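Mind docking chains B, C, D and E with the ligands on chain A? Use the hints.
Protein chains in written order, with the working numbering: chain A, 27 to 305; chain B, 27 to 305; chain C, 4 to 240; chain D, 4 to 240; chain E, 2 to 309.
Take these hints with a grain of salt, some might be off.
Said to hold, decoys possible - Under 7 Å between C-beta atoms, here's a sample of chain E residues computed to sit facing chain B: (1) 67; (2) 108; (3) 159; (4) 175; (5) 178; (6) 186; (7) 231.
Said to hold, decoys possible - Simulated pairs of lysine-lysine, PhoX-like, Cα-Cα distance not exceeding 20 Å: (8) A:204 with D:121; (9) E:15 with E:32; (10) E:32 with E:226; (11) B:296 with D:88; (12) B:296 with A:288; (13) C:158 with D:158.
No wet-lab data here; the hints were simulated from the structure.
Values in this document were obtained by computation on a predicted structure and should not be read as measured data.
Cβ coordinates follow ideal geometry from the N, Cα and C atoms, glycine included.
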Amino acid sequence: MTVKIDENELLEAKEKSVKVGAELKKVRGFALGFIIPVVLLVVWEAAVRFNLLDAYVFPAPTTILQKIIELAKEGTLWGHVGITFFRVLIGFLAGTVAAVVLGSVVGYFKWFEQLMDPLIQAFRSIPSLAWVPLFILWMGIGEASKVMLIAVGVFFPIYLNIVSGIQGVDRKLIEVGKIYHFTPLQTVRRIIFPASLPSFLVGLRSGVGLGWMFVVAAELMGASQGLGYLLVLGQNTYSPELIIASIILFAIIGKTTDYLLKSLEARALKWQDNLQNQL
Amino acid sequence: MTVKIDENELLEAKEKSVKVGAELKKVRGFALGFIIPVVLLVVWEAAVRFNLLDAYVFPAPTTILQKIIELAKEGTLWGHVGITFFRVLIGFLAGTVAAVVLGSVVGYFKWFEQLMDPLIQAFRSIPSLAWVPLFILWMGIGEASKVMLIAVGVFFPIYLNIVSGIQGVDRKLIEVGKIYHFTPLQTVRRIIFPASLPSFLVGLRSGVGLGWMFVVAAELMGASQGLGYLLVLGQNTYSPELIIASIILFAIIGKTTDYLLKSLEARALKWQDNLQNQL
Amino acid sequence: MLKVKQASRTFNDGLAGFKNISFSIQEGETVGILGTSGCGKSTLLRVLSGLDQDFEGDIELAGLGEQPIGMIFQEPRLMPWLTVKENILFGAKDAKKVDVQEYLNLVGLSDFGDHYPKDLSGGMAQRTAIARALIGQPGVLLLDEPFSALDAFTKMQLQDLLLKIQKSRSTTMIIVTHDIDEALYLCDRIFILGGQPGTLQAQMSIETAKPRDRGDSFLASKKAEILDVLHIDKEVE
Amino acid sequence: MLKVKQASRTFNDGLAGFKNISFSIQEGETVGILGTSGCGKSTLLRVLSGLDQDFEGDIELAGLGEQPIGMIFQEPRLMPWLTVKENILFGAKDAKKVDVQEYLNLVGLSDFGDHYPKDLSGGMAQRTAIARALIGQPGVLLLDEPFSALDAFTKMQLQDLLLKIQKSRSTTMIIVTHDIDEALYLCDRIFILGGQPGTLQAQMSIETAKPRDRGDSFLASKKAEILDVLHIDKEVE
Amino acid sequence: ACSSAGGEEKNKPKKVVLDYAYYSPTSLALKEFGWAEEVFNEEGIEVEWVLSQGSNKALEFLNSKSVDFGSTAGAAALIAKSNGSPIESVYIFSKPEWTALVTTGDSNIASVEDLKGKKVAATLGTDPYIFLLRSLEEAGLSSKDLEIVNLQHSDGANALLTNQVDAWAGLDPHMAKVEIDSGAALFLRDHDKNTYGTLNVRSEFAEQHPEVVERVIEVYEKARKWVVENPEEAAEILAKEADMALEVAQKSLERNDFSDPIPGAKQIEALNAAGDVLQAENVIKENVDVEKIVNELIIDRYSKKAIE
Ligand SMILES: Nc1ncnc2c1ncn2[C@@H]1O[C@H](COP(=O)(O)OP(=O)(O)OP(=O)(O)O)[C@@H](O)[C@H]1O
Ligand SMILES: Nc1ncnc2c1ncn2[C@@H]1O[C@H](COP(=O)(O)OP(=O)(O)OP(=O)(O)O)[C@@H](O)[C@H]1O
Ligand SMILES: [Mg+2]
Ligand SMILES: [Mg+2]
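If we strip away everything but chain A, and leave its shape as in the complex, we get:
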C-alpha cells in the first residue's frame, strides 16, 4: 500500500494489469473447477485397472468413453441427447410459466395462498415415479405426458422460491410503488419481480436440476429415445457402461444448463450490493 512512484504512470499500469488480471483470474477459476473431476477420473481408472473395482459393475472411464464414442459414431447419441434436452427445455418453460403465474398470485394475495398453497405443498412431496401411472392415464404415452411430467418437477422449486421471494420483498420498496398508485400488476412487474429476482433465479436453477431428474420418470412413459431411456435400458439389460455413460451425460448436460443459468444470474444481479460485486 505504500507507493511512491509517479501517479499517472501507476494508474495506467494498474488499469492494464487489472484487465489482464481479470482474464487470468477467470481462466484460473475455470481451471480450478477441473481439478477434482480429473483427479476422480484418474483414481477411478486406476482402481479399475488394478482390479480394486470390478469392471462388470463399475467399468473404467475409458470403457465408458468408448461406449459414448460408439454411440456417437452410430449417430444415436445425438438423438438421445437431443430429444431429452428438448423435453427438458419445453417442460422447463412450461413449468416456469406455471410457477411464475401461480407463485406471483399466491405470494401476493394472502387469501389465494390460503386457498391453494396447502394443496400445492401436498403435491410437492409426491415422487416422480408415482406420477407416472397417473400421467399415462391422463395424457397417454405421447410427448405431452413426458413434457408435462418434467414441468411438474420444474414447477415446485420455482414456485417455492418465487413465493418466498415475493413474501420477503422489503415493504419499504413496495410502499414506493403504492405512492405512485401502482396496480398490483405494476407492483409485481416493477418492484416485486426484480426484488425477488435472486430468489427466483435460484428457483430456476433448482428447477432445471429437477427437470433433469424427472426426465427418467418421464421417459419411462413409452419413450424409445432419450437419456432416461438409455439409463433404464442399461438397468434392464444389466449394462453398467450404458448406465454410467448415461449418468455422465446427465451430469455434463445438467452442468451445462446450470452454467448457462448461473451466467444469467451473475449478469442479472450485478446491482446486488454484496461482497462479490465490488469494484
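Same frame as chain A, now just chains B, C, D and E with the ligands:
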C-alpha cells in the same frame, strides 16, 4: 375510517375484536385450504361412481380410504409410515448438515467455489434412480445406503439456496462485522447465516420435498417396509389402490412436514420487514 | 384542501405513534413539522399519504386532480436494481416524455445517471430520491427529512429548488424536518409535535414573503420561540 | 497516533472518491470532517477503518491496544433479525459483562429494547447504532454523520454524551458531519474536504476548552470562516 | 455379506444372505417357515433375507455382493452374465408361465399376425419382451413390423386398459389381476417360451462355500415340495406377503410348474433361443458367444448332488 364515538371505548372494543379477529382469521385461513382438496375428492368419487373413471385404474377415494384403514387395522401402516419418516428424517438431517457446511464454505470463499461448485452442480442433475445401483454398490442395501440417498436428494436444494443466500447478503451488514474484527466463522454465524435465513429456509422446504421424492428410489434398495416400498409393491403387483393410497400418504405426510417447516419459517422470520409482518 | 380531524395512529398499545391530531391545510401552502425523534412525524406522513390505513379519525383530501401525492421517505428507498436515471424515472408517469437529465442536473447528479445505488454516497442517494419525487409533479408533496444527509450548501440549493417548484406549480407541501432554519425558510406554517405518542403542541404562522432572507431577525426570533417550545416539551417529557 | 500520508482512493477512473490526503491525529483528539455531498468523506472513513484496502498511499495506526476501531456508519446498518437490545450488544466483546439498559437509557431508548429495527423511527435506529458503537468502548471512534436524523435537542444531548465519553475514556474521534455548529462544539480540529475527487481544502484548530458554550462568539466567527471556505469551494466547482 | 471365517473351520461363512421375491413362491414359503434358519443356525451361520422387487434388483444385489443368492428370470441372468456378472444358476425354483400376450376383452386381435402395425407395450430386456420377440419370429414377423412401446410392466397394463396400446406382453401378477378384474384376454400363451425362474449364486461364493450352496438347495427343495403339496396355503402366503387378492395369487400360482428343479438341457435350450433373439435385437452384444455363456451359467452339479 370516520369514527365519532368515545375513544377509550373504541380502543378497548378494537383490541378485543382484533384478538378474536386474529383467531377467526387463522381458522378461516385454515378452512380455506380444505376447499379445493375436498372439492377434488368429491368430483373424483362421483366420477368413479358414475363410471366416468374406471375403478380398476383409478379407484374411488372411499376405496382408497378403506385400503388405508385396512392397513392401519393390520397395524402395518404405522410401520410403513414410521420407517419412511425415520429415513427421511435422518437423511434430511445428514443432507442439511452437509449442505450447510459445504454451502457456507463455497458461498464464503471464492476459490473454494471455483474448486468444488462445478462438480457439485454436475452431480445435481443426476436422477435419483441413477444413484440406486451406485449406492447399492458402495454401501450395500442396509439402512445406511437408503439414508444416504435421501441425504443426497436433500442436499442439493439446500446447498444451492445457502450459496445464493450467502452471496446475496448485503455487504453493508458484513462490514459491520468486519469493524468488530469478526473471524470468518463469527461472520458466518452472526451475520451471514441469519441474513440468509429466508433463503436457507426455502432450501430446507425444497430439500424436504426432495427427501420424500428420493425415498422411493431409496426403498428400491432392498426395503421391505416403507411408503416407497408400498408404492413399488403396488406397481409390481398391479394394485392401483395401493399405489394411490401410498401417493396420498406421501402427500399428507409431506404436507405435514412442510407445514412444520413453514411454521418455523414464519416464526424465524418475524423480523422481516415485509407486508405480512405488519402490526 | 387537506383536513385532518382527531386522527390517531398508535403502536404498542398506545405507547408510540401520534394521537388526536387535527389541522387543515390550504392548497399551495407549505407546512413544516418539527418534533423530537420518535414522536410520530413519519407515521403522520404515512397516514396522510394513504400508506397506513389503520388510523382512527377522519382525513379529507379534496380536489387532488389526476396528480397523485408525492412522497420523499426518510430513507432514500431507491430500487437497488435500477440506475440513478431509472430510479428517477420510476416516479414519472410517462417515462418517455420527461427529460431526466434536467432533473439530474437540478439535484447535482449530472454525471451519475448510470450508477447503481450501491455506488452512491448517502447524500447522492437522498438527492436521487428527491428527483424521483419531483419528476412526478405531484399536487401534494410530503417530505420526510429530505435534506438531512446534505451539506449546508447543497441543502440551500435544494431548498431554493423547492421554493421555485412550489411557486411555479403551487404544490402543497408538508415538510418534516429537524432543521429549524429550514422550516423557517420554507414554510408558511409550522406545527410542533411532541410526546410519545405525539400530539400537536404548538402551531405558528410565518407570514414573511418568500424568498426569505436566511439572516432575517424576525426569523431568528421565531427560531428562539420554537426552541423554547421544543425545549419545554422535552423537559416535561 | 494516526498518520495518513498521500492517501487516495478513487472510483470511476479517478472521477470520484478522494485524492492526496495527508494528516495526522493525536491520541484523544477529536477531528471534524466537513465537505460537500459526494466529496469522499465516507470513503475516507472506510479507508481509515480498514474496510477498504484498495487505497494508495500510507496509513499508520499506532498503539491501538486491544480495543478495536469503532464506527458509526452513515446508515444505521442494524441487523434486522435482532432486537434493539441485541443490536446494541452486537458491538460488545462480552455480552454478559455489560449493562445494555444503561446504554439504552443513554440514547433515550429505555422502553424500546425489545423492538425490531423495522418498528423503529429513523432517529431511533440511528441512536441504536450509536449505542452499538459506544458499547464496544473503542479506542478510535469514526462517526459518519451520527446525528443527522435527530431533532435539535436529542442531538445536543447526544453531543454532550460524546463529550463525556471522550473525556472519561479519552477516545480519539473522527466525526463527519454537515452541521458546522456540531463540528465547532465537539472538535479540536476541523478538516474541510472539497472537490470531486475530494482533496483537503482547509484545516483549522479550535482551541477553546470543552465543554464550550454553543452561543460563543468566537465559535460564531469560526463558523463564518468555514462557511466561506465551503462557499468558495462550491463556487469554484 | 460375503464373510468367510478363518481358522480351522475354513470355508464356513458367518452369514448367508438369501433373497425372497413375490415371483418366487418357493422363497416365500421358505422364509415363512424358517427352514433355512433351522439348518444354518445349527452350524452357527446367520441367515438374512432381502426382498427383491424384480430380476434387475436381484442382479444388482448379487453384483454388489449384497446377497449371496438371488432369484431371477433365466433370461435376466443370461443378459447379466453376458455383461460380465460372475453368477451361476444353480437351481430352478419354478417353471412359470408368467408371461403371455394380452389384449383387452373386446379387442379383435386374436393371433400374433394381427399385431402387424399395432402398438404393443413391453419392458425391454425382460421375459415378456423376449416372449414377444420369439412369438413374432415364429410368426415370421420382426420387431420392425409393429411398434414396441417400452413401458414398465404395471404401466403396460394401464396403457392397455386405457387403450393406448393394442396389446401388451404381460407379466404376472399384473396379468392375472388384469385378467380377473377387467376381463383382459391372453391371446397367446406358450409355457415353453418362458425362461424359467432360476436361483443364482455368486460364483465366488459358490467356489468358496459349495456345501452352503447345497444346503440352500436342500432347504429350497423342502419348500418346493411343500408348495407342490399345499397350493392353497402357498397362495395364501403369497397373497399375504405381496398384499394381493387371493384370487390373483391363486391364478398366478396355478401357472407355475414346480416339478423339475434341476437345471439342465431344457434351460440351456430355452436360454440359447432367448439369447439369439436378444442378440439380434442388440440387447446382448454381437461379440458374445451365447452358447458358451449359457453353458457357464447353467450349473447343475450342486442340485444334482443335493437332490439326488
Ligand atoms: N463502491 C463504489 N463504487 C463506485 N463509486 C463509489 C463507491 N463508493 C463511493 N463512490 C463514489 O465516491 C464518491 C464519494 O462517496 P462518499 O460516500 O465518500 O461521499 P460522502 O462525502 O460521504 O458524501 P455524503 O455527504 O453524500 O455522504 C461518490 O461520488 C460516490 O459515487
Ligand atoms: N410499524 C411499527 N410498529 C411498531 N411501532 C412503530 C411502527 N412504526 C413506527 N413505530 C413507532 O412509532 C413511533 C413514531 O415513529 P415515527 O417513525 O413516526 O417517528 P418520527 O417522529 O418520524 O421520528 P424520527 O424523527 O426519529 O424519524 C416510534 O416510537 C416507533 O417506534
Ligand atoms: Mg421519521
Ligand atoms: Mg457519506
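**Report entry** Evaluation of the interface hint that places residue 178 of chain E against chain B, nearest CB under 7 Å
**Finding:** Interface hint status for residue 178 of chain E: holds (5 Å vs cutoff 7 Å).
Report task. Would you mind confirming whether the straight-line C-alpha gap from residue 296 of chain B to residue 88 of chain D stays at or under 20 Å? Result -> Given that 20 Å is the threshold and the Cα spacing comes to 16 Å, the pair holds.
Query raised in the report: Against chain B, is residue 186 of chain E within 7 Å by beta-carbon distance?
Result: Cβ of residue 186 of chain E sits 15 Å from chain B, so the hint is violated.
Query raised in the report: Does residue 121 of chain D lie within 20 Å of residue 204 of chain A when you go C-alpha to C-alpha?
Result: holds (18 Å)
Query - Proposed proximity, residue 158 of chain D with residue 158 of chain C (alpha carbon, max 20 Å) - result: holds (19 Å)
Query raised in the report: Are the Cα atoms of residue 32 of chain E and residue 226 of chain E separated by 20 Å or less?
Result: holds (14 Å)
Query raised in the report: How about residue 67 of chain E: closest beta carbon in chain B under 7 Å, or not?
Result: holds (4 Å)
Report task. Return the status of the interface hint for residue 159 of chain E: holds when the least beta-carbon distance to chain B is below 7 Å, violated otherwise. Result -> Hint holds; residue 159 of chain E Cβ to chain B Cβ min 6 Å, cut 7 Å.
Query raised in the report: Does residue 108 of chain E meet its interface restraint, that is, does its C-beta lie within less than 7 Å of any C-beta in chain B?
Result: Since chain B brings no Cβ nearer than about 16 Å to residue 108 of chain E, farther than 7 Å, the hint is violated.
**Report entry** Interface hint compliance - residue 175 of chain E to chain B, C-beta minimum distance less than 7 Å
**Finding:** This hint holds: residue 175 of chain E lies near chain B, its Cβ roughly 4 Å from the closest one there, short of 7 Å.
Query - 20 Å limit on alpha-carbon distance, applied to hinted pair residue 15 of chain E and residue 32 of chain E - result: It holds: about 19 Å lies between the C-alpha atoms, which stays within 20 Å.
Query raised in the report: Should the hint that residue 231 of chain E touches chain B count as held when the rule is a Cβ pair under 7 Å?
Result: violated (22 Å)
The earlier numbered hints that this structure contradicts are 2, 6, 7 and 12.
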